[in-house]
Amino acid sequence: MRFRGWYWLLLIASLLIVATIGIAYGAASVSLGGVFAALHGSGDPTSIAIVRDLRLPRVVLGALVGAGLGASGAALQGSLRNPLAEPYLLGVSGGAAVGAVIVFALGFSSDGAVTVAAFVGSVAAVILALAVSRVGARGSRVDLRTLLVAGVIVGAFANATIMVALASAEPNTVRGALFWMMGSAADATWPRVIWLALSIAIAGGALIYWAREIDVLALGEETAASLGIDAERSGRRIFLIAALLAAATVAAAGLIGFVGLVVPHMARRLGLRAHRQLVLGAALIGATLVIAADLAARTVAAPTELPLGAITALLGVPFFLVQLRRAT
Amino acid sequence: MISVADLVVSYPRAPGNAVDGVSFDAAAGKLTALAGPNGSGKSSIVRAMIRRADITSGSVTVAGTDVRLLPPGELARRVAVVPQREDAAFPIQVREYVALGRYPHLGLWRAASKVDEDAVTDALEQAGVSKLGDRDTDALSGGEWQRVRIARALAQKAPALVLDEPTTFLDVAHEMAIFELLSSLARSGLAVLLVSHQLNLVARFADTIVLLTEGKVATSGAPAEVMRADRLEAIYGWPVVITRDPAIGAPALVPLRRPRNL
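Protein sequence lines, in the order shown, are assigned to chains P and U. Using numbering that gives the first Met the number 0, read the first sequence as starting at 0 and increasing by one per residue. Using numbering that gives the first Met the number 0, read the second sequence as starting at 0 and increasing by one per residue.
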């Protein structure tokens, strides 16, 4: 499929339409006219409160999380040259979960504490993964894919730590931690949204700035070297930025699986190739997908809210199956 | 243009030197071939040139400067390399791919200028792949892919072009077409250094052959000087005879079958 310029309009339009539906639809639905009126600050006070304080931050948070995970996955798959690379494989998720579990176990279940702990945990895991890959390299030149293996090792270690910690924890701690790990956009607050928006603007901007390097890295280390790029250094840089991007989303909304893996493939299916466009396209698709998944999570079995991470996985699996069918 | 002097390359955890005191020049306007059996150190020389392998001693200079003193971007502006292996992880549009050859020339904002666009168009034309610009790299045949890779290197607009086994896996016609292309690029003024184990093709196209064995230069010079049966038998450890290409009289190597039951 050849990507056409007007597809951008299509992507942006889909995002806006899904976002509008996401704002309008829910336990108490607001008419489309009501949504626009409330956004402008007119209409009845209940609608204004629902739209401005509940739905809008939630939809924006979902969009940001999806955009961050999509962009992060696109950059990682390209620079590590692996179609199965995704931010959660790099130890980001495991590290975040360890941070969250520790905080729950210590009895601080306040929102801010979990967010900070998850972020610190995932950053620690990423640094650990980078260190492990260096040990593996023993000072000589390494295949960048070692980074991926290092991430998997750190993730496995983190999972083991969580299981040991949960085995001896109070039932309430276990429940809180498990619930957090399922991921949710329910606790959207404006400070959190703004904080995430800033992180994504900075890290996403950096990925787009270095997108040409990702294009070159995707050709392999030898070719990258022949074009004047130090593949190891530049690969680690992309790895770190992409991981921080994912860490910010995890801190804001917990673990929302499959988005970072599947969304870049969706963007490629649309014909996006060069990473400047691919990262941007993956961000738009990711944002749309997570808003839609969150809408499903809170309406399908209402009043029960389903875990957002489970919905994204349910949406991702069929796409991957189709992809697999085409590939074989 | 490219000057290799007493070059020694050794890898950690490997016995002996991969390259053991090799010297040769690849001049502008000439096609220089680096030939020799598998494992003779050909690719290690290329890797040392792009700083993928450490230089233990000796030097590689490009346009008068030691490669170790050149910033990576400047090195890439002086010498364009088509490595032996390149497994692109994801398909990319051919024109975009060739445009990656402009990477060393891009400024702070990595935006392509008119000069970059023109260099890409020229490179596609020179390599004879202008018509493939809109295709994806995974929709190319083996011969097309090699030409597109050469186009990417040409887009670098470096005065020296190095190719590591560019015709592996190609059939006769595509192989010949690549060699003709390289020969014409050399005539247009580029210093072309070709790594190849295809001695017969090299003997028909190269101005100079540097024949390596076990990391050392076994012999070098014009094809007629290098292509001698006694030398080649010693290097390859296999009985051979030298005949002549009926069209241009270039020397050609024919490896013999071992006589049975002797």
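There could be a bad hint or two in this list.
Computed from the model, here is a short list of chain P residues facing chain U with C-beta under 7 Å [unchecked claim]:
#1 G175
#2 D214
#3 V215
#4 A217
#5 L218
#6 T222
#7 S225
#8 M265
#9 R268
#10 R272
#11 A273
These are computed hints drawn from the structure, not numbers from a lab. Remember, it's a predicted structure, so these values are computed and weren't measured experimentally. Note that the Cβ used here is the ideal one computed from N, Cα and C, for glycine as well.
Hints, one by one, checked against the model:
Violation of the interface hint for G175 of chain P is found here, the shortest Cβ-Cβ separation to chain U being roughly 40 Å, above the 7 Å cut-off. For D214 of chain P, the interface hint holds, the least distance from its beta-carbon to any beta-carbon of chain U being 6 Å, beneath 7 Å. Checking V215 of chain P against chain U by beta carbon gives a least distance of about 6 Å; that is within 7 Å, so the hint holds. For A217 of chain P, the interface hint holds, the least distance from its beta-carbon to any beta-carbon of chain U being 5 Å, beneath 7 Å.
Because the closest C-beta pair between L218 of chain P and chain U is about 5 Å apart, less than 7 Å, the hint holds. Nearest Cβ of chain U to the Cβ of T222 of chain P: about 5 Å, under the 7 Å cut. The hint holds. For S225 of chain P, the suggested interface contact is upheld, since its CB lies about 4 Å from the closest CB of chain U, less than 7 Å. The beta carbon of M265 of chain P is not positioned within 7 Å of any beta carbon in chain U (closest approach about 14 Å), and the interface hint is therefore violated.
Proximity of R268 of chain P to chain U is violated relative to the hint, the smallest CB-CB distance being about 12 Å (cut-off 7 Å). Below 7 Å, beta-carbon pairs count as interface contacts, and R272 of chain P has one with chain U at about 5 Å; its hint therefore holds. Look at A273 of chain P: its Cβ gets to within about 5 Å of chain U, closer than 7 Å, so that hint holds up.
Checked against the numbered hints given earlier, the structure breaks hints 1, 8 and 9 and satisfies all the rest.
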